[in-house]
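Participant: This is what each chain is made of:
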Amino acid sequence: MADTINQSGRKGFLVDTSKCIGCRSCQVACKQWNKLEADKTANMGSTENPRDLTPALYNRIRFIEQESSGQTVWQFLNQRCMHCGDAGCIKVCPSPGALYRTKEGSVVFNKEKCIACKYCVSACPFNIPRYDSNDKVAKCHLCYDRIAAGMSPACAKACPTQALQFGNRNDLIKKATAAKKKLYGVDDLLGLGVVYALEGPPEQYGLPAKPEIPTSIFLWKDVIKPLGILGFWGSIGAVLLHYVTVGPQRTEETEEKGGSHE
Amino acid sequence: MSNYIERFSTRQRVLHWIVTASFFTLVLSGVGLFSRLFNGYFNFFGGGQNAILIHKIAGPIFFLSSAYMYLDHRAEISSFDSNDMEWFRKAGGYLSREPHHFHIGRYNPGQKMFALFIAVATLVLGITGLFIWVPTAFPRWIVQISLMLHGLMFVGSIMFMVLHVYLATIGNPGTVQGMLYGDVRKDWARHHHPRWYRERTGGK
Ligand code: SF4
Ligand code: SF4
Ligand code: SF4
Numbered sequence: 001m002a003d004t005i006n007q008s009g010r011k012g013f014l015v016d017t018s019k020c021i022g023c024r025s026c027q028v029a030c031k032q033w034n035k036l037e038a039d040k041t042a043n044m045g046s047t048e049n050p051r052d053l054t055p056a057l058y059n060r061i062r063f064i065e066q067e068s069s070g071q072t073v074w075q076f077l078n079q080r081c082m083h084c085g086d087a088g089c090i091k092v093c094p095s096p097g098a099l100y101r102t103k104e105g106s107v108v109f110n111k112e113k114c115i116a117c118k119y120c121v122s123a124c125p126f127n128i129p130r131y132d133s134n135d136k137v138a139k140c141h142l143c144y145d146r147i148a149a150g151m152s153p154a155c156a157k158a159c160p161t162q163a164l165q166f167g168n169r170n171d172l173i174k175k176a177t178a179a180k181k182k183l184y185g186v187d188d189l190l191g192l193g194v195v196y197a198l199e200g201p202p203e204q205y206g207l208p209a210k211p212e213i214p215t216s217i218f219l220w221k222d223v224i225k226p227l228g229i230l231g232f233w234g235s236i237g238a239v240l241l242h243y244v245t246v247g248p249q250r251t252e253e254t255e256e257k258g259g260s261h262e
Numbered sequence: 263m264s265n266y267i268e269r270f271s272t273r274q275r276v277l278h279w280i281v282t283a284s285f286f287t288l289v290l291s292g293v294g295l296f297s298r299l300f301n302g303y304f305n306f307f308g309g310g311q312n313a314i315l316i317h318k319i320a321g322p323i324f325f326l327s328s329a330y331m332y333l334d335h336r337a338e339i340s341s342f343d344s345n346d347m348e349w350f351r352k353a354g355g356y357l358s359r360e361p362h363h364f365h366i367g368r369y370n371p372g373q374k375m376f377a378l379f380i381a382v383a384t385l386v387l388g389i390t391g392l393f394i395w396v397p398t399a400f401p402r403w404i405v406q407i408s409l410m411l412h413g414l415m416f417v418g419s420i421m422f423m424v425l426h427v428y429l430a431t432i433g434n435p436g437t438v439q440g441m442l443y444g445d446v447r448k449d450w451a452r453h454h455h456p457r458w459y460r461e462r463t464g465g466k
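Heads up: the sequence lines are chains A and B, in that order. Each residue of the first sequence is one higher than the last, beginning at 1 in our numbering. Each residue of the second sequence is one higher than the last, beginning at 263 in our numbering.
Read the hints as simulated data drawn from the structure, not as lab findings. Only true hints are included.
List of simulated lysine-lysine pairs, DSSO-like, C-alpha gap at most 27 Å: (1) B:LYS318 <-> A:LYS118; (2) A:LYS31 <-> A:LYS118; (3) A:LYS111 <-> B:LYS318.
Computed list of chain B residues with no C-beta within reach of chain A, every gap over 10 Å: (4) ILE267; (5) ALA283; (6) ILE316.
Glycine is no exception: its CB is placed at the ideal position from the N, C-alpha and C atoms.
Work out the full structure: start from the sequences and follow the hints.
Facilitator: Okay, here's the thing in structure tokens:
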């Protein structure tokens with residue numbers, strides 16, 4: 001199952017951080033639509049809550065605190081699965097159908113097919129997949145059920161400020177580029193399904209400046225795997241070739257008795 | 263006088279077949295994890311999750327038995343002398359039909375290399391396997407490198423295994439008998455491991 005993507009029909013988010021007010025409506029709407037349990041949280045001395053994605057939290061608002069002329073200012077980042085065009089999670093998943101791409105270009109999971117190997121977490125450049133109590137994968141699925149029914153994702157629908165815009169990915173990018181926004185994720189990994197308009201360098205938001213599938217994962221899947229399959233059949237071929245050309249090494253007595261018996 | 267000479271004790275044979283059985287269990291249960299091409303192998307175990315469970319059971323069995331096998335043989339497999347070098351230079355005589363005469367002891371250098379590789383692979387597969395077992399308990403980079411090394415060692419092991427099975431069966435008739443029954447024909451021993459044969463029998 002090749003992971004191919006149709007860029008022109010691709011749907012996605014444009015997350016405009018300048019418009020986000022940190023209300024967390026998106027967090028709540030996602031939980032409601034997906035019937036996700038509440039996570040127990042603890043006061044860690046910050047308004048940011050919860051502090052990380054969980055199997056029951058597909059998106060969350062990251063609070064970035066900054067000193068600006070003696071004042072504390074906040075920036076907010078909606079963190080979620082990026083629905084990468086070249087998705088490390090799909091690349092390494094050994095179970096067909098556990099992680100797959102919809103025709104809208106989102107990366108969706110099916111818990112029934114997930115075999116709990118947890119490979120996807122190692123291959124994700126953004127450390128997104130989480131595992132529920134049954135060790136099955138959980139992450140934002142871009143509300144594939146709502147999209148298929150012609151609705152917008154629950155989080156985008158709930159956003160009161162249009163910080164979360166959903167629609168045709170190319171159109172959203174075109175509009176944001178025209179508005180001179182600084183965009184993140186337009187071309188990385190064949191384009192992220194979640195493009196951010198940031199107000200500072202990506203690192204400030206906890207995003208990798210140049211997101212890439214980790215090198216060791218690339219070597220594992222794109223080099224070792226094909227070479228291994230080649231090597232396996234190659235060594236079988238070499239051995240058979242040896243058998244019919246040079247042939248087995250017989251000792252005198254086995255030779256007298258007519259040679260090899262398997 | 264018997265035509266046969268003992269090559270492997272019962273203990274060594276049982277150990278070898280435990281290593282073999284766990285190895286192939288690991289291959290069959292793991293190959294579906296290696297590539298989606300082999301997804302069908304999950305069916306032998308009733309699905310991927312069961313295959314992973316079997317893999318996790320066979321893993322420690324292989325690790326312990328293989329490590330024990332290495333410790334059992336480490337003196338014999340880790341020293342190479344000039345006769346061994348000669349064997350290497352002529353590729354063990356496997357590349358031509360010409361008769362050859364090497365002064366080979368109990369194990370030839372190819373077998374030593376195989377045993378050493380499997381020892382290293384056992385260690386690497388075991389350690390990386392542990393990280394892959396509970397990936398969320400370790401830093402991501404460790405698990406990422408483990409996945410790569412686990413795959414690499416798997417590939418090396420499977421290629422060596424093809425060679426090992428070939429050379430021990432149809433490539434060298436008379437060899438597998440040693441592992442099956444413990445005894446090998448004397449002419450086989452004289453031909454393949456003359457120095458060992460002399461040490462065991464004190465000449466003819
Ligand atoms: S962000 Fe991670 S989980 Fe989401 S599609 Fe990309 S690789 Fe997969
Ligand atoms: S797209 Fe759907 S699943 Fe993803 S974060 Fe938004 S509401 Fe949750
Ligand atoms: S709903 Fe919109 S404004 Fe509120 S936190 Fe989410 S993205 Fe920000």
